[in-house]
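**Student:** So the chains spell out like this:
2 protein chains.
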Amino acid sequence: MSARVLIVDDLFPNLKLLETKLSLEYFDVVSAMNGPDALAICEKGLCDIVLLDVMMPGMDGFEVCRRIKTTPTTAHLPVVMVTALDQPSDRLRGLDAGADDFLTKPIDDTALFARVRSLVRLKAMTDELRTRAMASRDFGFGDPLAAAAAETGQNARLLVVDDRRASSERMAGALGQYHCVEVEADPQRALVRATEGHVDVAVVSLDLDGFDGLRLCSQLRSLDRTRGIPVVMVADAGDRDRIMRGLDLGVHDYLVRPVDRNELVARVRTQVRRKRFADSLRESVQASMELAVMDGLTGLHNRRYLDAHLAGLFAESTLRGRPVSVLLLDIDRFKSINDRFGHDAGDEVLRQFAERIRAHTRGIDVVARFGGEEIVVVVPDTGLDGAQQVAERIRERIEAMPFPIHGGTRAIDVTVSIGVAVRLPEDGGPASLLKRADTALYRAKEEGRNRVVAAAA
Amino acid sequence: MSARVLIVDDLFPNLKLLETKLSLEYFDVVSAMNGPDALAICEKGLCDIVLLDVMMPGMDGFEVCRRIKTTPTTAHLPVVMVTALDQPSDRLRGLDAGADDFLTKPIDDTALFARVRSLVRLKAMTDELRTRAMASRDFGFGDPLAAAAAETGQNARLLVVDDRRASSERMAGALGQYHCVEVEADPQRALVRATEGHVDVAVVSLDLDGFDGLRLCSQLRSLDRTRGIPVVMVADAGDRDRIMRGLDLGVHDYLVRPVDRNELVARVRTQVRRKRFADSLRESVQASMELAVMDGLTGLHNRRYLDAHLAGLFAESTLRGRPVSVLLLDIDRFKSINDRFGHDAGDEVLRQFAERIRAHTRGIDVVARFGGEEIVVVVPDTGLDGAQQVAERIRERIEAMPFPIHGGTRAIDVTVSIGVAVRLPEDGGPASLLKRADTALYRAKEEGRNRVVAAAA
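As given, the protein sequences belong to chains A and B, one line each in that order. When we follow the working numbering, the leftmost residue of the first sequence carries the number 1, and every step to the right adds one. When we follow the working numbering, the leftmost residue of the second sequence carries the number 1, and every step to the right adds one.
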């Protein structure tokens with residue numbers, strides 16, 4: 001996978017050396033010799049990953065990393081700190097600043113390239129989603145990027161897969177301070193648990209008794225239901241080949257035994273943030289798409305949704321020879337509610353009305369605002385008798401309890417008229433079905449309102 | 001990258017051999033011994049890629065491939081045909097059936113795995129988008145998958161990068177029958193051309209004079225503006241290492257010299273389809289998100305969009321000390337239009353009304369339906385005088401020409417009243433600005449309609 005790599009180092013020879021190496025690997029290289037220049041390049045979106053030196057005059061690498069990771073527009077960029085500092089405390093400081101990895105010089109080139117490729121690939125998975133989510137933000141749907149940058153990465157549900165008791169207890173102890181941790185010694189049971197859907201990050205030992213832990217990592221990365229779970233491998237330092245292989249398979253990160261508690265905590269936190277970032281992007285796009293088929297006032301589906309789905313339900317009903325019925329509901333004398341108590345009161349009544357209808361319909365029924373004070377309910381697999389019963393129940397619930405208005409300071413009586421129709425063999429499409437329901441509704445109004453009238457079958 | 005690989009072969013030993021090899025590479029393997037079983041597995045979404053034998057009793061591999069590639073729910077699955085058939089005509093038949101590659105036995109394992117990894121990675125890039133697009137389809141926004149499966153992959157804009165005249169002319173000749181082809185000998189100019197945005201697929205020779213063609217491929221794959229362009233490499237058979245490297249960099253496909261014309265045409269067609277598939281997914285998600293902020297009747301933005309954007313424009317105006325004004329427009333005696341000519345006529349008038357307003361506002365102005373027959377126009381960087389001029393121009397254009405109704409068979413006179421207000425230093429938020437515009441609109445109505453009234457500044 002090709003990518004644009006930003007190298008940040010205040011020493012020109014270092015910069016050139018790394019630039020040459022990366023260029024030979026066909027990466028596109030951009031460079032900066034100080035923190036502010038690096039941040040500007042990140043903010044302009046001119047790179048996919050950052051290789052960052054720590055010791056620079058002015059703003060040091062830790063601060064550059066912290067800024068990248070807390071700025072909404074750049075927080076998604078992977079950062080690898082590359083430095084001569086070799087104390088565990090430096091390493092931890094880098095990871096705490098949000099770095100995805102912290103490599104100590106002399107750098108093992110193969111390891112560096114494998115890491116860069118892996119991080120770039122993982123980023124590419126969410127790039128498309130991020131672009132859509134940013135469009136959603138431009139439409140005014142709130143800002144998932146800002147929320148993601150503010151995410152602390154705590155209180156996650158972790159799955160530790162390790163069959164060495166001492167090791168798993170040590171890891172669970174360290175992680176348990178910040179997260180809810182489950183330990184599983186058996187890889188097959190671990191996989192089942194992960195597919196059940198309550199795992200944010202998996203920590204997997206590669207040295208399971210009689211089982212190649214890398215296979216579990218690979219399965220987690222390839223099953224539909226577990227693909228979204230970041231995986232952290234735990235391996236012996238000598239197991240370099242399998243570690244590289246794991247990165248290539250899409251595993252997100254690794255730790256080498258003996259596991260440093262603080263490093264474990266820091267790396268897992270980074271993965272929790274990654275998971276929540278991707279989740280929030282997905283939710284943001286999904287939510288804005290859902291809004292397109294929702295009525296803003298009542299929270300019911302809108303006409304656009306009804307049109308699309310009634311057509312489908314109608315066709316399916318015809319195909320399978322099963323009934324489908326439609327209820328058309330209209331609040332009685334709604335205009336006079338608006339006139340006497342104001343538009344806000346009218347809105348309150350509509351919201352309540354929708355709420356009560358929803359409470360007396362099923363999940364498979366389509367409930368949609370048809371416009372104004374009219375609501376349509378589509379009841380699949382239900383004949384005229386069944387649909388009339390549903391309608392009568394709703395009519396009773398509307399009449400039975402007055403509607404609170406003016407923020408609950410008073411209440412008014414409301415009634416509803418309902419027209420009901422079932423699909424007939426001669427119906428060419430949903431329009432004639434709706435038309436009959438409308439005619440029945442008209443009769444209900446004519447006959448004195450607050451009643452259910454079924455169209456002749 | 002890990003993935004679920006479906007192996008289809010009617011001979012058990014073949015199946016087992018390939019299964020063992022892939023499993024050692026940490027792929028998850030599913031298998032089928034005939035076409036119908038294979039199709040069922042694909043349709044259930046249980047695999048990410050298909051390795052397909054050609055010679056099977058009953059439904060042969062060509063037919064299985066054709067069905068996978070023309071079924072909307074499975075068309076996105078990469079298919080590699082693996083067979084003992086070694087005639088160019090077999091190869092072409094496979095590619096014509098839509099196969100992403102056609103490998104002849106004995107299989108070079110390294111090449112096979114590199115190809116599988118590359119195809120799986122490319123698929124993963126669009127998986128997230130495909131999931132969103134399918135949700136959009138469930139909401140009733142049409143079916144991008146069906147459109148993509150029906151795509152013929154012709155009439156694309158191709159860029160051939162090759163500095164050997166005989167070679168580029170031969171390729172341009174073959175491709176020119178189906179596409180619009182541009183040839184570019186210089187890699188730098190080719191990159192510029194690609195960034196200019198009118199290229200669907202790039203075909204790049206790796207043997208450019210004094211330049212490593214793989215670097216151009218890598219640049220095309222890493223720049224934001226060219227990432228969406230599939231790249232096909234053309235290389236000498238002996239250049240295996242660079243071909244494998246290219247696949248690893250994200251290049252989509254390759255051909256070996258001497259280039260077979262038909263194979264070139266088939267492989268490029270596959271890439272054109274891939275590009276259009278990704279584009280249509282993207283458009284589908286984008287379009288359904290846009291619908292969430294659009295008013296269905298007038299095509300203007302809706303209240304949701306107005307609320308989000310007016311807040312932003314108001315804040316910016318306060319911050320920069322620049323004016324921002326608001327026009328509130330209401331069609332005069334709209335109810336009587338509905339009563340006299342029917343609701344359809346009312347809708348026609350509203351649409352026309354929106355159209356004329358749009359014609360007299362700028363791209364940076366926000367024009368939104370506020371509800372009923374009211375429309376709001378937000379004019380940034382414009383004071384009260386400027387806003388009044390805009391309003392007066394619109395008022396004149398509404399009055400000047402009658403509005404066609406009943407499908408153009410008659411026309412009626414329509415007028416509009418407009419209230420105008422500019423942000424004042426004491427305004428705490430957009431609500432007070434809108435409130436003043438509303439008061440001004442009320443005065444315009446009181447004073448006889450068909451006029452513009454500005455709120456006192």
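To be clear, the hints were calculated from the coordinates, so they are not data collected in a lab. Computed from a prediction, not measured in an experiment: that's the story for all the values here. Be aware that one or more of the hints could be misleading.
The list cannot tell twin chains apart, which means a pair is met if one copy fits it or any two copies do.
Stated by the list, open to error - Below, a list of computed lysine-lysine pairs in the DSS-like style, where the Cα atoms sit at most 27 Å apart:
| no. | residue 1 | residue 2 |
| --- | --- | --- |
| 1 | K275 | K123 |
| 2 | K105 | K445 |
| 3 | K445 | K335 |
| 4 | K435 | K335 |
**Student:** All the hints need checking, so say for each whether the structure fits it.
**Tutor:** For each hint, the structure was consulted:
In the homo-oligomer, the alpha carbons of K275 and K123 lie at most 27 Å apart both inside one protomer (12 Å) and across protomers (20 Å), since each shortest distance falls under that limit. When the C-alpha separation of K105 and K445 is checked against a cutoff of 27 Å, the pair qualifies neither within a copy, at 83 Å, nor between copies, at 77 Å. In the homo-oligomer, the alpha carbons of K445 and K335 lie at most 27 Å apart both inside one protomer (14 Å) and across protomers (22 Å), since each shortest distance falls under that limit. In the homo-oligomer, the alpha carbons of K435 and K335 lie at most 27 Å apart both inside one protomer (23 Å) and across protomers (24 Å), since each shortest distance falls under that limit.
Checked against the numbered hints given earlier, this structure breaks only hint 2.
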